[in-house]
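Undergrad: Spelled out, the chains give:
Number of protein chains: 4
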Amino acid sequence: MTDTKAVKAALRTQHIETPSWAYGNSGTRFKVFSQEGVPRTPQEKIDDAAQVHRFTGVAPRVALHIPWDRVEDYAALATYARDRGVRVGAINSNVFQDNDYMLGSVTNPDPAVRKKALNHLLDCVDIMDATGSRDLKLWFSDGTNYPGQDDIRARQDRLAEALAAVYERLGDEQRFLLEYKLFEPAFYSTDVPDWGTSYAHCLKLGPKAQVVVDTGHHAPGTNIEFIVAFLLREGKLGGFDFNSRFYADDDLMVGAADPFQLFRIMHEVIQGGGFSDEIAFMLDQCHNIEPKIPGQIRSVMNVQEATAKALLVDGEALRSAQQAGDVLGANAVFMDAYNTDVRPLLAELREEMGLDPDPMAAYARSGYFEKIRDERREGQAAGWGA
Amino acid sequence: MTDTKAVKAALRTQHIETPSWAYGNSGTRFKVFSQEGVPRTPQEKIDDAAQVHRFTGVAPRVALHIPWDRVEDYAALATYARDRGVRVGAINSNVFQDNDYMLGSVTNPDPAVRKKALNHLLDCVDIMDATGSRDLKLWFSDGTNYPGQDDIRARQDRLAEALAAVYERLGDEQRFLLEYKLFEPAFYSTDVPDWGTSYAHCLKLGPKAQVVVDTGHHAPGTNIEFIVAFLLREGKLGGFDFNSRFYADDDLMVGAADPFQLFRIMHEVIQGGGFSDEIAFMLDQCHNIEPKIPGQIRSVMNVQEATAKALLVDGEALRSAQQAGDVLGANAVFMDAYNTDVRPLLAELREEMGLDPDPMAAYARSGYFEKIRDERREGQAAGWGA
Amino acid sequence: MTDTKAVKAALRTQHIETPSWAYGNSGTRFKVFSQEGVPRTPQEKIDDAAQVHRFTGVAPRVALHIPWDRVEDYAALATYARDRGVRVGAINSNVFQDNDYMLGSVTNPDPAVRKKALNHLLDCVDIMDATGSRDLKLWFSDGTNYPGQDDIRARQDRLAEALAAVYERLGDEQRFLLEYKLFEPAFYSTDVPDWGTSYAHCLKLGPKAQVVVDTGHHAPGTNIEFIVAFLLREGKLGGFDFNSRFYADDDLMVGAADPFQLFRIMHEVIQGGGFSDEIAFMLDQCHNIEPKIPGQIRSVMNVQEATAKALLVDGEALRSAQQAGDVLGANAVFMDAYNTDVRPLLAELREEMGLDPDPMAAYARSGYFEKIRDERREGQAAGWGA
Amino acid sequence: MTDTKAVKAALRTQHIETPSWAYGNSGTRFKVFSQEGVPRTPQEKIDDAAQVHRFTGVAPRVALHIPWDRVEDYAALATYARDRGVRVGAINSNVFQDNDYMLGSVTNPDPAVRKKALNHLLDCVDIMDATGSRDLKLWFSDGTNYPGQDDIRARQDRLAEALAAVYERLGDEQRFLLEYKLFEPAFYSTDVPDWGTSYAHCLKLGPKAQVVVDTGHHAPGTNIEFIVAFLLREGKLGGFDFNSRFYADDDLMVGAADPFQLFRIMHEVIQGGGFSDEIAFMLDQCHNIEPKIPGQIRSVMNVQEATAKALLVDGEALRSAQQAGDVLGANAVFMDAYNTDVRPLLAELREEMGLDPDPMAAYARSGYFEKIRDERREGQAAGWGA
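Protein chains in written order, with the numbering used here: chain A, 1 to 386; chain B, 1 to 386; chain C, 1 to 386; chain D, 1 to 386.
It is worth saying that the hints were derived from the structure and are not from the lab. The reader is advised that the hints may include incorrect statements.
When chains are identical, the list treats them as one kind, so a pair holds in a single copy or across two.
Taking lysine to aspartate or glutamate pairs in the EDC-like style, the calculated list, with each CA pair at most 20 Å apart, reads [what the hints assert, rightly or not]: (1) 208 / 161; (2) 31 / 100; (3) 236 / 278; (4) 115 / 168; (5) 31 / 184; (6) 204 / 234; (7) 8 / 314.
Chain A with its partners taken away, still in its complex shape (with noise of 0.2 Å):
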């Protein structure tokens, strides 16, 4: 696509759904260090998202977490996100925080711990019921530390039990989204461990049942764009958790540590037809040290650009190129698209949205961060587990 009106075009319609937890402190094992003006409620976290949105225009959804954002009356707050000109996203269930939860939560040797797990989950999903949410995204840390302290298969059994039971919950318009990782907290085994293991389950279970890539939770080497264009070719691509890793799952901004990956993602997505809302495209990472709404705004930004050098790829000289063996030439191509500067396009189409060309200094010029930073000084401070 060398038709930039195309390209801004397409642009228009992405969403780049933010999580509520970046807002809040997060950190490693080691210290989470507290910033100031980081929200204390879940209202103050969709009052920040909506800030990202504000400045960027394509960041209109906001992901909860639960227990993080429990509230008495989730309506209430779907409507309270409206007014402020954002929606809830996605539902993440939680079912690792829970003392309970030492040995596992759906997957737990104990029937009882399963059960409690399982009703979070389906808790979930009246949650669901109530922000008209369409996707569940499910996370489990369930897994084993130490070689012989569980046995693998009968783990896969619950596993199955309890995802069986939440998908004949969900209803026409829901899916979930099963998400996994490599290792973490789990050091030896874990229940979820790969995409292979989350297809297999959600094959069998159906349409609603659907894969979800969190970019940083794959072992050294993999590669990512590969996984994307063959769950795409089976339709079982659910969406992204983008963020960056160096090492392991790091969760740093997206784009950050490897950005010709992510325009190498973003390339597969187009191809494979997942440029759509059926895909959703969700920010998870960790604002450890630096300030969480500019680094959601960089983050937001870091996709749009990725996304544009993808769509500038000219895909007729591509296909020419592979098809006639030309390895050198096909590699340019692609390279070409990479390599070109799409800022100023980016700017462009701001501007045509009616928004600031640099949102980075437009945030940073609004007066929010102070303000913030003033209201916020007493109370308890979100994050992880908070």
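Following the hints, complete the assembly by docking chains B, C and D onto the known chain A.
TA: Chains B, C and D only, in chain A's frame:
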């Protein structure tokens, strides 16, 4: 199983298949070091494989590699093997050593190359008909070296088409085993890079398509025994290519790099009902710097030792500790079996089978090496690509 | 060494230091699961460490962590330990858990933060003076998360300056051990990421600066025993932080993930003349899901087993096979020792030392756990950062 | 540096050395695919290298590999090169392709093999005298495949002895560059596996011994730019072997796998004062499936693009943000340079240098390929080991 009688009975039923190519010269891209006494013909490779069976008693089959083991009359070759006390096992196809395959075989953008490759695969099934082999092993080196070089998804379409054609050709008692590998010789994308890809293709085709696990073909950190347990649960594990590695596809002797991992794999095999002839236990190694026949004997013994230890796991005690959530207790039961020295038990078993208790020493004393060293001075030693 | 008497004599001299923090609660960034009976004070941690020594006989020292083990009177704490049959070992500095250290401690761009961090390190030497400790363990979490965030080289200058100041302060009988770690909590660059960096700094400073090897702090595929052999050859190995890992810095019980690796490490220690009190054998683990005291006992036993096997290697036979270029022969001598079941030998040794031959069972029977579970119900359990 | 004039001036001074072996056939252990027009002699390799310089203007040197480039008269070969507008660069020794080196070269347990290897290295210095080369590149494939195979420490002693002998032989203007590599072809231990090992040996010998960084020789996750910064700080960085990799030592075109990493490396080079002829910028790649001369041209251009971006980093703004602890601000300054499309600047520079702005197109139009394809049909194409 703490009854050593039962352990020995189980061990008697284990069959480990050795690969014809392990007896020829092999090496790295830097150098193939030639050794003395290396076979020059498929028949001589079978002679050597027969020695491994003669001294271990559990290696009654030898896998062939086409075209490395090309002969005029495959039925005659099968008879030749039978006369030496072994049988022809799996047929390994090779669509990576012709100049035409530079950009791929069954996934090549050029339909003429794809056709050539498919014809080779179908020829391999003809050979299976002649040799009475059950398994066709499919490993594709296909992939790309540079981003953009070819269309990842189109290559999957081509792969699916070729696999369907091979599947169609298989007889009622025949199967194919689809191998996956993270990388090498393709260095950007590989068309069957992981178990999930192999599984998805096999699942669509039916029960005669099965996944084969090469223990050296994974990303760093991959939990291989998880994959084994998962595939057994799905009924999609067809067999193993055993070897070991510290880094990549090093193809060292199985059990040499991480004997504890091999034990864990055998534990899952046994737990998952995979200790049967439905699962092909094959070696796939390169003896680059060690003598080949002793290298194979040692490898067969290493598999036996890991199997014996896995058979010794006290299943009842293990399950009981697992159910109780006793992390250290369950791990202790597991390690108890691993820490047992099973060499006396295996020596006993061999004597009961009429074998020398020490296969390595017995082979060394046999004079076979001196014989082949003298007989095989002339001619072209077999090797990869020879 | 095939003389078991000599092996046992050597094993008697081995001292394994346990860390005070292993007795407190620990976890991942996702959750710290709390356990029963966890100590609330440095004194109670010492009580628990004394139990590990009581049942194993080879764990006579306990490492402290400042400020987690902050007390008014360190000399009194040392006396407390001695009264319970153990001694205070290494002092571990902590310059990563204060909000000031968000962008680094001794390498922070802000000189005031650097000064604060250095003062803490010097305070730790004061504590060593009081406790009579020989070793100051320095681990710096310092690094950056994003490319460009700070100047990699300037941070080395700041690091060198701090290390020189600490070196200067050390008494004649004191040393510091500089720890390296690939990543976490820094996710882009770490200021002491590998042994080479630690070695280079220590070399410049002199003999009182030594490298400490944490077995979980390497990139995938790193040959740790090579590093051990190399550092011993250079006279720059100061000690070990033992633990094990399948993925990253998992901090599992030593020997749990790869017992063969632990054996190979101990082989190099013995070969390189490192089996002496010059080398500190310390544990550094997190018992996130298993009980802490038994987790330490098991770990001590795992080190002992690996050591016993390494002592059993037939050095003469090994050297002879190595010199002859007999690859399989040399490997066989090596594996022969590894495959030996040394548990009977260790049981014998314990009985000779007046201990129960089975430390795990003896501890379980002792009633100590029931006692601390009851006594420690109130108050704040110790943990990282608590 | 935001002054494009200064950037262009700096780029004019950059010299990128191409390796003679890149023009010959290469491949993996599975297959060496032969290409058309491949040189058959060292002279023809130099002819091809001269083309790369002709079209890029910044590749005036070609590295030789002994014995692959063995000739009778090296002075004549140097003259041959000069007559074609290029010079002979580094001499690469090869002590890995003789059957004697199966168990090592300079670290072999057999003193006769060690002597042979050392003599080859000394011969290489003779060749340097004849060609006027400054640098001897030492890469040792030496290592072991199996635990116990040889004594890790004794091999270091042998290595040190050989290096000292070579160092002694070097002339006043000569250096050696000691290369390190994690693994391959050795699969258990490698005698120079990491920068620390190379650094320690070089440090002892003196200023004529320097470390060379091959960008494909590290463990997964290694921060290469940290190593570059560290070695520059120590005055021990001698040069680069540039290439790129997704997995192991893939030897792809530099910048093809991770262009952002190449930029970060060049940033550290410039920051650390390494942008001088003291640092040898060499390519070391294998064009297994792409045409060789265009593969080299593209690689040279990729290095130039990364360098240009690194030169564009606004150093003052960067330092200021770093000092202020402005994580996002510093990262933004850094990314700003990376995201700039420097191709127009480089096209301009080439025109100013009297070159075609598009070297790839100019080479394609030149008819050189058609000429060599026709001229080189007969004879033995050069390749590894040929």
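Undergrad: Look at each hint and say if it fits the structure.
TA: Right, here's what the structure says about each hint:
1. For the homomeric pair residue 208 and residue 161, the shortest alpha-carbon distance inside one copy (16 Å) is at most 20 Å, but the shortest distance between copies (28 Å) is not.
2. Taking CA atoms no more than 20 Å apart as the test, residue 31 paired with residue 100 passes between copies only; the shortest distance there is 11 Å, against 24 Å inside one copy.
3. Taking identical chains as interchangeable, the C-alpha atoms of residue 236 and residue 278 lie at most 20 Å apart only when both belong to the same chain, with a minimum of 10 Å there against 31 Å between chains.
4. In this assembly of identical chains, residue 115 and residue 168 lie within 20 Å of each other by CA distance solely inside one copy; the values are 15 Å within and 45 Å between copies.
5. For the homomeric pair residue 31 and residue 184, the shortest alpha-carbon distances inside one copy (17 Å) and between copies (11 Å) are both at most 20 Å.
6. Proximity of residue 204 and residue 234 under a CA criterion of 20 Å is satisfied in both settings, with 13 Å inside one chain copy and 11 Å between copies.
7. In this assembly of identical chains, residue 8 and residue 314 lie within 20 Å of each other by CA distance solely inside one copy; the values are 15 Å within and 30 Å between copies.
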